[in-house]
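One-letter residues, chain by chain:
There are 2 protein chains.
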Amino acid sequence: MFIGAQVSLYPMTSDFVDVILSGLDALTPYRQDLRIETDDMSTLMVGAPEPLLDAIRDLFAATARRPEHVTMHVTLSRGCPGEPDDPSCHCEALVRAQDLGLDARKALALEAVAAAPVTGVEIDLQFSLYVLGQDGHMDEIYGCIDFVKGSGTYLMSKNFCTRLRGDAGAVFETLRQAFLRFGPAEGHVTIDMTASANSPSKR
Amino acid sequence: MFIGAQVSLYPMTSDFVDVILSGLDALTPYRQDLRIETDDMSTLMVGAPEPLLDAIRDLFAATARRPEHVTMHVTLSRGCPGEPDDPSCHCEALVRAQDLGLDARKALALEAVAAAPVTGVEIDLQFSLYVLGQDGHMDEIYGCIDFVKGSGTYLMSKNFCTRLRGDAGAVFETLRQAFLRFGPAEGHVTIDMTASANSPSKR
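Residue numbers (the working numbering), protein chains in the order written: chain A, 177 to 379; chain B, 177 to 379.
No wet-lab data here; the hints were simulated from the structure. Don't be surprised by glycine CBs; every beta carbon is placed ideally from N, CA and C. Please note: incorrect hints may appear among the correct ones.
[Said to hold, decoys possible] Per the computed footprint, the stretches of chain A lying under chain B, defined by three or more beta-carbons under 8 angstroms from a beta-carbon of chain B, are: (1) 212-220; (2) 346-357.
[Claimed, not checked] Here are a few chain B residues that face chain A, going by a calculated C-beta distance under 7 angstroms: (3) Tyr186; (4) Ser253; (5) Pro257; (6) Gln302; (7) Ser377.
Generate coordinates for the entire structure from the input sequences, incorporating the hints supplied.
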């Protein structure tokens with residue numbers, strides 16, 4: 177299994193370079209568990225979903241604590257057949273999920289969101305979950321939408337994506353659970369997501 | 177068939193509101209062919225791939241002609257089973273593609289990129305193509321990667337995505353062809369893409 181993300185942080189300020197560089201400090205605690213490589217368009221992070229989503233959450237929350245409008249785009253992927261197996265991506269939750277039905281996985285996902293830490297940072301996020309390479313992929317997507325609607329972070333459905341709002345802790349836990357619990361445990365699953373904080377637009 | 181995109185423009189400047197609003201002027205010629213609705217996170221555009229990708233290209237190229245660093249995130253989708261049929265999304269190229277093999281589709285895609293208009297704006301773009309709800313989805317993805325490598329806009333493969341560079345005309349035509357020609361004509365296909373221009377990072 178290979179699990180990771182391409183992450184881009186977009187501070188809407190002329191000081192964006194400083195904001196990005198100081199935001200990257202939030203990744204320091206995760207550098208031992210994740211492979212992290214930055215180029216001019218995005219930062220690759222490879223590793224298990226536990227440190228991976230914690231790192232993405234902390235990066236965005238650290239930047240969103242500043243006053244400027246900031247957004248982030250993340251492409252998450254697990255199980256892509258074109259990527260090599262990587263032992264650092266081993267995820268017990270995925271292994272255990274092999275034998276669980278959709279309802280059991282929804283219940284575990286809801287428990288995890290209820291137990292999420294509170295960061296004190298309110299964010300908006302929208303995402304699309306893609307379950308690849310199998311028939312009946314929409315069953316898993318509708319199951320995930322059911323979970324999200326009960327998670328406490330659901331705001332609304334939009335064309336092509338689902339909109340969340342709430343504390344960064346609960347919102348990114350909702351995202352992690354959507355990524356982990358839906359679609360086959362050994363399958364190819366991706367998420368396309370954008371987050372936003374401190375927007376001057378009317379909410 | 178329902179075809180559209182969620183589009184977000186991110187100018188990395190404290191003047192971002194003005195830059196976004198003036199960028200949206202580039203959409204004026206397309207408002208008769210596309211349904212366009214903006215909220216606080218993204219702009220929904222619904223319609224056939226011809227005006228849809230032209231509008232996205234012109235929006236980004238107009239903003240990238242300014243000196244500031246700007247990025248854009250787009251979620252493209254066609255054929256999502258959860259969306260209603262919309263006659264305004266009718267696409268002759270998709271209808272004709274029904275009976276064509278992978279090699280014939282690659283050839284048509286290369287022709288289209290060679291005929292793309294030149295905008296004079298150099299951009300970077302990375303994208304992931306997702307073919308949903310069918311076995312053997314990786315064949316279509318590898319076919320698309322073959323096409324992209326011959327398109328003249330290919331820069332490099334990255335984990336989870338493919339990186340393009342070149343004139344906005346050729347780059348967005350490559351994206352449109354990837355979206356249209358790969359994956360079943362009546363299937364559910366999505367693209368997750370980010371574009372960048374005027375980055376101060378070393379290329």
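Tell me the numbers of any earlier hints that the structure contravenes, in ascending order. 2
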